[in-house]
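> Chains as they are written, first to last, in our numbering: chain H, 1 to 420; chain V, 1 to 420.
Treat the hints as calculated values from the structure; they're not laboratory data.
Even for Gly, the Cβ is constructed at its ideal location relative to N, Cα and C.
Hints may contain errors.
[Claimed, not checked] What the simulated footprint calls covered on chain V by chain H, stretch by stretch (three residues with Cβ under 8 Å from a Cβ of chain H suffice, anywhere in the stretch; the number is not a length):
| no. | stretch |
| --- | --- |
| 1 | 83-90 |
| 2 | 172-181 |
| 3 | 185-191 |
| 4 | 199-210 |
| 5 | 347-360 |
[As the list claims (entries may be wrong)] Incomplete in silico selection of chain H near chain V, CB under 8 Å:
| no. | residue |
| --- | --- |
| 6 | 187 |
| 7 | 199 |
| 8 | 394 |
| 9 | 398 |
[Claimed, not checked] Partner residues aside, some chain H positions facing chain V, computed with beta carbon under 7 Å:
| no. | residue |
| --- | --- |
| 10 | 174 |
| 11 | 183 |
| 12 | 196 |
| 13 | 401 |
Each chain is listed here by its residues.
There are 2 protein chains.
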Amino acid sequence: MSATELKCRECAARYPLEARYVCEQCFGPLEIAYDHSALGDDVSALRRRIQAGPQNIWRYSDFLPLDAPPGPSGRNSSRVGLPAGCTPLIRADRLAERLGLGEVWVKNDTHNPTHSFKDRVVAIASQRARELGFDTLACASTGNLANAVAAQAAALGMPSYVFIPADLEEQKILATGVYGTHLVKVAGNYDDVNRLCTEVSGERENWAFVNVNMRPYYAEGSKTVAYEIAEQLGWTLPDRCVVPIASGSLFTKIAKGFSEWTELGLLDGDQPKMNGAQALGCSPVAAAYEAGADVCRPVKPDTIAKSLAIGNPADGPYALELARESGGGIDSVTDDEIRAGIRLLAETTGIFTETAGGVTTATLAKLAERGDIGADERVVLVITGDGLKTLDAVRGTFEAYEITPSFDDFEATVEQGARI
Amino acid sequence: MSATELKCRECAARYPLEARYVCEQCFGPLEIAYDHSALGDDVSALRRRIQAGPQNIWRYSDFLPLDAPPGPSGRNSSRVGLPAGCTPLIRADRLAERLGLGEVWVKNDTHNPTHSFKDRVVAIASQRARELGFDTLACASTGNLANAVAAQAAALGMPSYVFIPADLEEQKILATGVYGTHLVKVAGNYDDVNRLCTEVSGERENWAFVNVNMRPYYAEGSKTVAYEIAEQLGWTLPDRCVVPIASGSLFTKIAKGFSEWTELGLLDGDQPKMNGAQALGCSPVAAAYEAGADVCRPVKPDTIAKSLAIGNPADGPYALELARESGGGIDSVTDDEIRAGIRLLAETTGIFTETAGGVTTATLAKLAERGDIGADERVVLVITGDGLKTLDAVRGTFEAYEITPSFDDFEATVEQGARI
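Full structure from sequences and hints, please.
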């Protein structure tokens, strides 16, 4: 594989490709380092090689940290797991028109096995976990990751332990427990859950916590969102991406995906402006951005966007740096704006997103209203999860007619109502 | 296009390709007739042409009743609508093992834009509606169709009216209203709703009811499930398909898809045995099958599988004929078996299905237990909709641990619990 070692993001110390996530020298986060020289410099050949791959993230295996990536999906779910990625990128002209923008695309990651982008990161973490000999999958989750880990473990035939905040939406609890995982509700918020999992991870040698000891592999999965966007735009870069921020990992790894491919010559031109989106009720990165700070002050989350409710975001400083260097920014929106964002996206595109996508759509609307987006910009809105997972957020946002099964009642109630 | 006319299934009377669904001579249902001779007889060339198409149902345009099928999806959702189809076919060895079967595949239609197979039929009905000049989409729905019509109308920028039984699951109501459709709750069951829509359809000339006046076009969408299965199995036929029955349309059209391609030489061999699956609480077709009857006696539905709750199934007689002629059958399962079916599929494949898929999985289990399936058979289980839509069905089917965020509590509660 082209991954060569783990490298500390802070002090550049190097480690073998094991289940490690923290630098022993400086406690900085570890990332995957690559040597892509074996891929050669024939860009056309490399593109054809990617296009000949399966319709899922394994088409990007050359850029992922696995010894033996699974073959085409479908052959045997117990070997290859659930097929993640290759989700639609849809041009949303009616959304653009409503916001007074030129060109808006929606990357719709609800088209994943458990309907969020977490299937990407879990696919990679779980495959690497098996390569490294782990026999049990585990995670700390705000909800979507719980669904993804429980489902992937079921597909692979591995036992799993999923730790969630006890107050998680019931939808995400039901959609996790159904897979037969060991579901652990922890009395506390996500940051409490995460601390507990870090401790458990140190004590259970055969457990692969996808977002703790497997984190460097896990995080690389988010790069595939960028690869797909670029491939779907005909091997070109967008001008701007609007992406939700929880830990900051997705936001920074999407940018890493674009820059990796640009360095390899697969893409040309300026890197996209990166705009981060947070819920006001949990906006440590947006607050630090506005204050001009380099680090985030932890907060206690209070928002309907629970999948973004990380009060102490691990990659906050890197997200801040990226937003500033790329010419983007980081904004936050209220819960009412989130609900309006969900409705706006649904009405103009037919895509129903969870609260996190409401955050992203509302942030795009805010950028548009502020005049931050040029008329000729090509903007990609990254929708990370499905509206079916946070149905409570749309309860009461629309009205229905109630009639008896008679044509007269239909005319009197519905048609009269529609004409008002 | 290769569609030539509408043809009465009963008396073979012919009509132009308009918005008609019932024969004026004998009141039989109208179907699409084709002349595929323009496709030629070079099977390899035809396969390559299909494979070069987009990753959605429009790759099968040569076999669908549209003048001008949309191009590759993604270009502009307001023109092409939501991208349906090309859902995964996954080999489920752990499910097969649990049931003592040889080779089981799951066709996972939860990977559609609104997470059910209805996106296929709506895609075709709505495109044809636009070709015929309609300006409004409408439907009578048991839930999944409501989601699909409201979403597709939003994507295409068309107004829509969705008629549902007032007692539908709240998940499906919320996941429909969010798109800004006119949502009409009718006090009655699906058959009452359907009768009302038939009446409204006769009175509103600019409304395309996808499953009333557009029904012949709509129904053709289900053939694409068969096309995909055959293509994904390397241009071969499965030995047996297990498919849910509501109106009977999906069941019969999947068989039509296989036989059409066999006649064209795209596939060889025996047609699959077709097994229909119903919920005992709404099993008019299974009851008629068991009684050796040719027609179904209408019933009042009482089952958790509301998406299959059609008490007076329009295609019941054709489903009976198909089950008998293909060497399959039609079975029914209890609500408890449905819940167990949902859990079985989730635990062994990582696929979370709604109640309809629980019906199908439980029926497969019943066939296996009865010894109806040969050891060397290749069986395809058709999963039509997503578990997130009927979460109530899994509430109470599993237990969770509840702990404080401390390692001691984790060890005492979770690990002790897991060991019991």
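> What hint numbers does the structure not satisfy?
none
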